[in-house]
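Undergrad: Here are the chains, one letter per residue:
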Amino acid sequence: MSETTFKIQRFNPEKDKETYFQEFKLEIPKGATLLDCLNLIKWTQDGTLTFRMSCRSAICGSCSVRANGHAVLACKTQASSVAQNDQVTIKPLGNMEIIKDLAVDLTEFWKKVEAIKPWLMPDEKKETQTTERTQSVEEFLKIDKASTCIMCSSCYSDCCSMAVDKSFLGPTALAKAQRFVEDSRDKETISRIKELSEDAGIWDCTHCGECSQRCPTEAKPLDRIVSLRTVALNSGVTNNYGARHAKAFVKSIKSSGILNENTIPVASMGFFNIPGLLSLIPVGIRMFLKGKNPPLIHHPMQELDDVKRIFKKFEEK
Amino acid sequence: MIKHDIIIVGSGLAGMQAALEVCKDFDTAIITKVYPSRSHSGAAQGGIAASLGNASEDSWEDHMYDTVKGSDFFSDQDAVEIMVKDAPGVIRKMEHFGCVFSRTEKGLIAQRWFGGHSKQRACYAADRTGHALLHVLHEQTFKHAKNIKIYSEWYLMSLIVKDGICRGMVVYNIQKGKLEVMQAKTIIFCTGGYGRAYKITSNAFASTGDGIVAAYHAGLPLQDMEFVQFHPTGLFAQGILISEAARGEGGHLVNGKGERFMEKYASAKMELAPRDIVSRSEQTEINEGRGIDGKDYLHIDLRHLGKEKIIERLPQVRQLGIDFLGLDLIDDPLPIQPTAHYSMGGIPTDSDGHVLSDEKGTKVTGLFAAGECSCVSVHGANRLGTNSLLEALVFGERAGKAALTFTQNAEFHDVNEQEESNKVKNKVEAILNSNGKESINDIRNELKENMTTNCGIYRSKDQLEICLKKLNDLKARFKKGKITDKGFVFNSELIEFIELGNMLEFSEIIARGALRREESRGAHARTDFQKRDDDKWLNHTLAFKKDGEIEFRFKPVVITKHQPEERKY
Amino acid sequence: MKYALYTGCVAKGAGRELLTSTYALAGKLGIELVELKNVSCCGAGVITEENPELADALNARTFAIAEEQGLNILNICGTCQGVMKKAQAHLDNDEDYKDKINETLKEGGHEYKGTVKIKHLLTVLTEDLGLSSLRNKVTVSLDGLKVAPFYGCYLLRPFETSDLDDPDNPTAIEVLTEALGGTSIDYEGKLKCCGFPYLMMKKKQSITMAGNHIASAKKEGADCMVTPCPLCQLSLDPYQPESAKEIGQKLDIPILHLPQLVGLAMGLKPKELGMQKHVVSTNKITAKIGC
Chain A
144 MSETTFKIQR FNPEKDKETY FQEFKLEIPK GATLLDCLNL IKWTQDGTLT
194 FRMSCRSAIC GSCSVRANGH AVLACKTQAS SVAQNDQVTI KPLGNMEIIK
244 DLAVDLTEFW KKVEAIKPWL MPDEKKETQT TERTQSVEEF LKIDKASTCI
294 MCSSCYSDCC SMAVDKSFLG PTALAKAQRF VEDSRDKETI SRIKELSEDA
344 GIWDCTHCGE CSQRCPTEAK PLDRIVSLRT VALNSGVTNN YGARHAKAFV
394 KSIKSSGILN ENTIPVASMG FFNIPGLLSL IPVGIRMFLK GKNPPLIHHP
444 MQELDDVKRI FKKFEEK
Chain B
223 MIKHDIIIVG SGLAGMQAAL EVCKDFDTAI ITKVYPSRSH SGAAQGGIAA
273 SLGNASEDSW EDHMYDTVKG SDFFSDQDAV EIMVKDAPGV IRKMEHFGCV
323 FSRTEKGLIA QRWFGGHSKQ RACYAADRTG HALLHVLHEQ TFKHAKNIKI
373 YSEWYLMSLI VKDGICRGMV VYNIQKGKLE VMQAKTIIFC TGGYGRAYKI
423 TSNAFASTGD GIVAAYHAGL PLQDMEFVQF HPTGLFAQGI LISEAARGEG
473 GHLVNGKGER FMEKYASAKM ELAPRDIVSR SEQTEINEGR GIDGKDYLHI
523 DLRHLGKEKI IERLPQVRQL GIDFLGLDLI DDPLPIQPTA HYSMGGIPTD
573 SDGHVLSDEK GTKVTGLFAA GECSCVSVHG ANRLGTNSLL EALVFGERAG
623 KAALTFTQNA EFHDVNEQEE SNKVKNKVEA ILNSNGKESI NDIRNELKEN
673 MTTNCGIYRS KDQLEICLKK LNDLKARFKK GKITDKGFVF NSELIEFIEL
723 GNMLEFSEII ARGALRREES RGAHARTDFQ KRDDDKWLNH TLAFKKDGEI
773 EFRFKPVVIT KHQPEERKY
Chain C
16 MKYALYTGCV AKGAGRELLT STYALAGKLG IELVELKNVS CCGAGVITEE
66 NPELADALNA RTFAIAEEQG LNILNICGTC QGVMKKAQAH LDNDEDYKDK
116 INETLKEGGH EYKGTVKIKH LLTVLTEDLG LSSLRNKVTV SLDGLKVAPF
166 YGCYLLRPFE TSDLDDPDNP TAIEVLTEAL GGTSIDYEGK LKCCGFPYLM
216 MKKKQSITMA GNHIASAKKE GADCMVTPCP LCQLSLDPYQ PESAKEIGQK
266 LDIPILHLPQ LVGLAMGLKP KELGMQKHVV STNKITAKIG C
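The listed protein sequences correspond, in order, to chains A, B and C. Count the first sequence with our numbering and you get residues 144 to 460, in order. Count the second sequence with our numbering and you get residues 223 to 791, in order. Count the third sequence with our numbering and you get residues 16 to 306, in order.
The hints are simulated quantities; they were obtained by calculation from the structure and are not laboratory data. C-beta atoms are modelled at their ideal positions from N, C-alpha and C, and glycine is treated no differently. Please note: incorrect hints may appear among the correct ones.
As the list claims (entries may be wrong) - Using 25 Å as the maximum straight-line C-alpha spacing, the simulated DSS-like pairs for lysine-lysine come out as follows:
| # | chain 1 | residue 1 | chain 2 | residue 2 |
| --- | --- | --- | --- | --- |
| 1 | A | Lys269 | B | Lys365 |
| 2 | A | Lys330 | B | Lys704 |
| 3 | C | Lys113 | A | Lys451 |
| 4 | A | Lys254 | B | Lys368 |
| 5 | A | Lys288 | B | Lys328 |
| 6 | C | Lys218 | A | Lys390 |
| 7 | B | Lys659 | B | Lys704 |
| 8 | A | Lys394 | C | Lys218 |
| 9 | B | Lys371 | A | Lys260 |
| 10 | B | Lys315 | A | Lys269 |
| 11 | C | Lys121 | A | Lys455 |
| 12 | B | Lys708 | A | Lys150 |
| 13 | B | Lys246 | A | Lys330 |
| 14 | B | Lys398 | A | Lys160 |
| 15 | B | Lys225 | A | Lys254 |
| 16 | C | Lys233 | A | Lys433 |
| 17 | A | Lys456 | C | Lys113 |
| 18 | A | Lys173 | B | Lys670 |
| 19 | A | Lys330 | B | Lys315 |
As the list claims (entries may be wrong) - Pair ranges (Cβ atoms, derived):
| # | chain 1 | residue 1 | chain 2 | residue 2 | range |
| --- | --- | --- | --- | --- | --- |
| 20 | B | Asp553 | C | Gly42 | 48 to 56 Å |
| 21 | B | Gly770 | A | Ser310 | 56 to 64 Å |
| 22 | A | Lys460 | C | Asp109 | 17 to 25 Å |
| 23 | C | Gly282 | B | Glu530 | 53 to 61 Å |
| 24 | C | Asp180 | B | Glu530 | 27 to 35 Å |
Based on the provided sequences and hints, a complete structural model is requested.
TA: Okay, structure coming up:
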C-alpha cells in the first residue's frame, strides 16, 4: 500500500506570523477515518499538531476540518475517500478566525446561534408541568430533521453568503430557528419569523446548497431555510425585500407562465425604494446599449390557461 | 482570581441541569473542557427510562425492582427509589423545555424495550436520545445566559479542598493558554466517566476521569471504581456504541455458528438481559471459539426488522455502520464486540449530590457531584441501559437544588491564589521542560491493552497482579514522558499528557479494587471467585489516597425494599 | 438526435444570445431541437418556497408535455436543470405523491409517467454526442485559450440529483474545453455561488461574490469564463463593472455561455453566437483564437 501525503495547514500564534503548509506522509490503515489519521500523525510524527475531537462517532461535532477545500467531520470521513492521487489537503474551517492549526474561533458562530433565541417559548398560560404535551407524529416530523444538528459548524464554514457578509446569521442558526418556528409547542412563530426576515436573516441565503451538501447529519440547513421562507410567505410576513421578490416572482409566473424580467427588479426593490431603483439604472443602460435587456414587450407562454388553472387549484387548497 | 457563587465543572446533562437550578438565585458558571454541545451525554443513543406507562402499564415500583436487580443488589435502594420516583417528572420537564421526543400515534412520548427492564419504559428520540436531551438543556442555558457564564475549553487542573471545605480550583484556559484560579462558594462536579482507559471503548476522547482524579488528589475517596460496564454492542474494532435500542427493537445476537447464543445464558430475556450478562455471554462465546469465523467478534442482525423500521427508529446506528464499516444493517449483520462503556464507580455522594469524604457520611462543605463521575449509588454493580441519562437528569437537578439551598448561607473561603497557582504551574512547567523520551502514545496504548486484557470483562488474581505490575512500569515510564509542544496556547498534547496521568492513576484503583473484591457481582466477574458473596462483599468500596498508596475502606449497601436474591433472566 | 428544448425564461429575456447560440450550435452539430412553447417557468427554486407542491406540479406538467412528444428534455439553463431534476426526484421517489400531483394535471389532459430524461446541454455534448465526435468537428481550435469553467450551483447541488459524474470534483466543462483545443484552468471560485439569487436584494454582497470569483479566475490566468447557466452569466457579465469597483480590482473577463464557447470552435462567427450582446467585450478572446 502506498503512502498518502497529508498537506496540513499550520499556524501557531505563539510562533508564526502566517499560516503555512506542512506535509506528513502516512500509510492509511484499512478503514481509518480522517480523524484516525490526524491522530496517527499527532501521536507518531508531530505532537504539536492541534485539532479538536471528542466522541469520534459523529455526534459531538468537534472535529470538522476542511479536506480538499470542503468541510467534513473528520471522524465520519474515511481517509481513503478524500485522498486524491495519494494526497489530501487539510485546512481549518472557513469563515472563522484560526486559533491554532486546525482549531478555529467559534465565538461568532455561537453568538449567531444565541441570536435566534434558541429555546422553546411555549404558551405559559396553558402550561401544566404535570403532564407531557402531545405532539402528533406529523408535527414531530417537521422538527425532527433540524433537531439532528450537531453544531459542527461545517455548513457555517462553507457558506458562500457568510464569506461576503459576516453579519449573516448563517445556516446553522437558521436551521436551529426552523426547529422552533415549526414546533407545534412554540407560540412565537410569527414574532420569530418576523425577526428572521430582517436583514441578515432567511432572505440572505442564495440557496447555493453548499450547507446541505457539507452537513454530516439530516439537518440539511438549506431545506430548513426554504421551510422558514415558506412559513414567512404563507403567514404574511412579506414586508421585506426577500419576500417581495418571491411574491413578485410567483405573481409573474401566475400571470404569464414565464418570468417577466422587467417587473421583477422593481417589485423586489419595492415601488417606493427610490435609491434602490436608481442603483439599477447604470446596469440597465449598459444592458440596453448592448441589446441584452429583456424584450420590452413580454410574451406570455402558450396554453397559459392550463397553468393558471393549476395555480388556482393550489390556491384553493 | 475569577469568582462565581457557584461553579459547575462539566457541561453534560448533569452539569447543565444543575446550572439551570442554581442560576435562579446565584451567579453561576460552567467550565467545560469541550463545548456544552460536545459533552459525552450526547452520545447516549437508545433512551431514558421513566415509568410513564405510555406503551404499557408501568410503575415506579417495577422500575425500582428492575434497577435493583440489574445492579446485582448492590445499589443503594433509598437513592434508587428517589430516582425512579423523580423519573416521570424529569421527563415531563424536558418535554416542556422542548425536547424533540419520538411520539406514539396518540402523540405521547414513545417508549421502547430495553435490557433488564420488565416494561416498555425507555423514552426516546429515535436513536439520538442523549443528543436530544443535551441540546434541549443547552438551549435552556442560552435562555438563562445572563445568569450562567460558560467557560468553554477550560480544563480542570486541580481542586482545592482544605479542612473539609471546598474552596476553588485551578483551571487551564486552553484557547488563551493561561492558568487561572477560580473561587466559588459551591462547586458541583459533573465531569463524566473514565472508560477511556480501555482499548475497546465507546467513550469519547474526553472521558478520562479528570474530575474523579482531581477529587482523589484533593483527599476525597472514590467509590466502587472496580465496577466498569462493558456494553455488549460496540462496533467491531472501533468500540463505537451501537445502541441497545437495536436489541430493544428486536435485533438478534448471533455467533459464528449462526446461533442466537443468548438462549444458553438468559433464555427468558434473551438479548434483553442486562448488559453485564450479555457482555459476559459474548466474551464466553468468543473465548470458546464461537466468534464469527472464530475471531473476536459476533454479529448483531437486524435485517428481519425491515428497512422502514430501521430508518425510523435506528437511523444513527445504521449510519454508523455505513460510515465506519461500509455495512448497511438493512442488508448485512454488523460485527460487534463488548466495549467499555460506563463507570459505575465515582465520587461518593448522598442522594442530594453532596460529596461525602468518608465511610461515615461526612459531607465536604461546598462540594457536590452528579452524573457519571459520582457514585450515589443507583447503579450498584451494573447499570441498566437508559438509567444513565435518567441519573444525570435527576441527580443533576437534585444536586442543583441542594447546592442552591446550601449556597444561601455559604460564603467564599480563603484561597491562597499564588500558592495554588504555583503548584499547578510548577507541575506544568516540569512537564513542558522535561526532556523525557518515552512516547505517551505508546504508554497510553499499553495501558489500554493492559486494562482490556487483564482487568476487563473477566478478571482473576493472576491477571490482576500482572495488570498492577504493568501499571507500575507504565507509571515509571510516564515520569519520563516526552512532550514536543512547549507552547501554552491550545496545547492539546499537554492535555493528553495530563489525561494519561489521570488514567494511570484511576486504573490502579480499578485494578486494586478488583483484586480485593473476591467475588463476582454485576460487571465485576472473577473467574477465580465466580459466586456473589453477600456475607463478605455486600459493601461499597471506598479508596483513599494515603501517603501515595491506596487505602481501602468499606461502606454498607443501603437495602430498603428488596433483599438480595439470585439474579435470573 | 432530437430533444425537446426547454429554453427557460432568461434565454427568452435578458439572455437571448444563449438561445441564439444554442440554435446556431445545434444546427452545426445536427441536433434537432423542438422548442417547448406551451410550458411554464420551472419556478427557479422560488415557487417552491411559497408552495412546494405547486412548483412540482408545474414541472410535472412540463415533463408530461415532453413525454407526449416522445422526447427527452434538453435544458440550456443550469438552474432549470437543477430545479427540474429535484422536482423529478420528488415525483419519482414517492408514487403516492406522483399520483396526487398527476391529479392536478388531469384536467389539462396531461399525465407525468416518469419516462422522460432531463439533460443539460453540457452532458448532451459530453455524453450523448461524445467528445471524440466533437473533437472531429472542430474547425477553429481554441488553442491557447485559457478557459475558467464556472459551473453554477444548480448543476452541482444537491449531488444526489446532479447529472455530473462527480459533482464534488466535476470535470465535464474541462474535458469539453480540452476537446475543443483550449486549456481549462482551476481556480478558487469554480464551484461556488455567483450571487445571482440575491442580486436584486443584496447587491453589494452579490457583486462582491461574483467579483471574487472572477478575480480568482483572473489570478490563475483565465482569458474568459464559461458557464452553463445564464443566471450566472447575468451576474458575472452585466454587473462586472460594479463588481470590479466593489472589490477594487480590474477584472475585464468575458463571460461566455457554454454554446458560445463550443460554437466558436465549430467555426461559428461571434455575431451568429450573439457575442456582441455581452457587456464585457469578447473581442480579445475571439482575436486570440483568430475568428
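Undergrad: The structure should be examined with respect to each hint, and the outcome stated for every one.
TA: Status of each hint after checking the structure:
{"no.": "1", "hint": "A:Lys269 x B:Lys365", "in the structure": "holds (20 Å)"}
{"no.": "2", "hint": "A:Lys330 x B:Lys704", "in the structure": "violated (57 Å)"}
{"no.": "3", "hint": "C:Lys113 x A:Lys451", "in the structure": "holds (20 Å)"}
{"no.": "4", "hint": "A:Lys254 x B:Lys368", "in the structure": "holds (14 Å)"}
{"no.": "5", "hint": "A:Lys288 x B:Lys328", "in the structure": "holds (21 Å)"}
{"no.": "6", "hint": "C:Lys218 x A:Lys390", "in the structure": "holds (19 Å)"}
{"no.": "7", "hint": "B:Lys659 x B:Lys704", "in the structure": "holds (5 Å)"}
{"no.": "8", "hint": "A:Lys394 x C:Lys218", "in the structure": "holds (22 Å)"}
{"no.": "9", "hint": "B:Lys371 x A:Lys260", "in the structure": "holds (17 Å)"}
{"no.": "10", "hint": "B:Lys315 x A:Lys269", "in the structure": "holds (15 Å)"}
{"no.": "11", "hint": "C:Lys121 x A:Lys455", "in the structure": "holds (14 Å)"}
{"no.": "12", "hint": "B:Lys708 x A:Lys150", "in the structure": "holds (23 Å)"}
{"no.": "13", "hint": "B:Lys246 x A:Lys330", "in the structure": "holds (24 Å)"}
{"no.": "14", "hint": "B:Lys398 x A:Lys160", "in the structure": "holds (17 Å)"}
{"no.": "15", "hint": "B:Lys225 x A:Lys254", "in the structure": "holds (24 Å)"}
{"no.": "16", "hint": "C:Lys233 x A:Lys433", "in the structure": "holds (24 Å)"}
{"no.": "17", "hint": "A:Lys456 x C:Lys113", "in the structure": "holds (16 Å)"}
{"no.": "18", "hint": "A:Lys173 x B:Lys670", "in the structure": "holds (21 Å)"}
{"no.": "19", "hint": "A:Lys330 x B:Lys315", "in the structure": "holds (18 Å)"}
{"no.": "20", "hint": "B:Asp553 x C:Gly42: 48 to 56 Å", "in the structure": "holds (50 Å)"}
{"no.": "21", "hint": "B:Gly770 x A:Ser310: 56 to 64 Å", "in the structure": "holds (57 Å)"}
{"no.": "22", "hint": "A:Lys460 x C:Asp109: 17 to 25 Å", "in the structure": "holds (18 Å)"}
{"no.": "23", "hint": "C:Gly282 x B:Glu530: 53 to 61 Å", "in the structure": "holds (57 Å)"}
{"no.": "24", "hint": "C:Asp180 x B:Glu530: 27 to 35 Å", "in the structure": "holds (31 Å)"}
The structure shown violates just one earlier hint, number 2.
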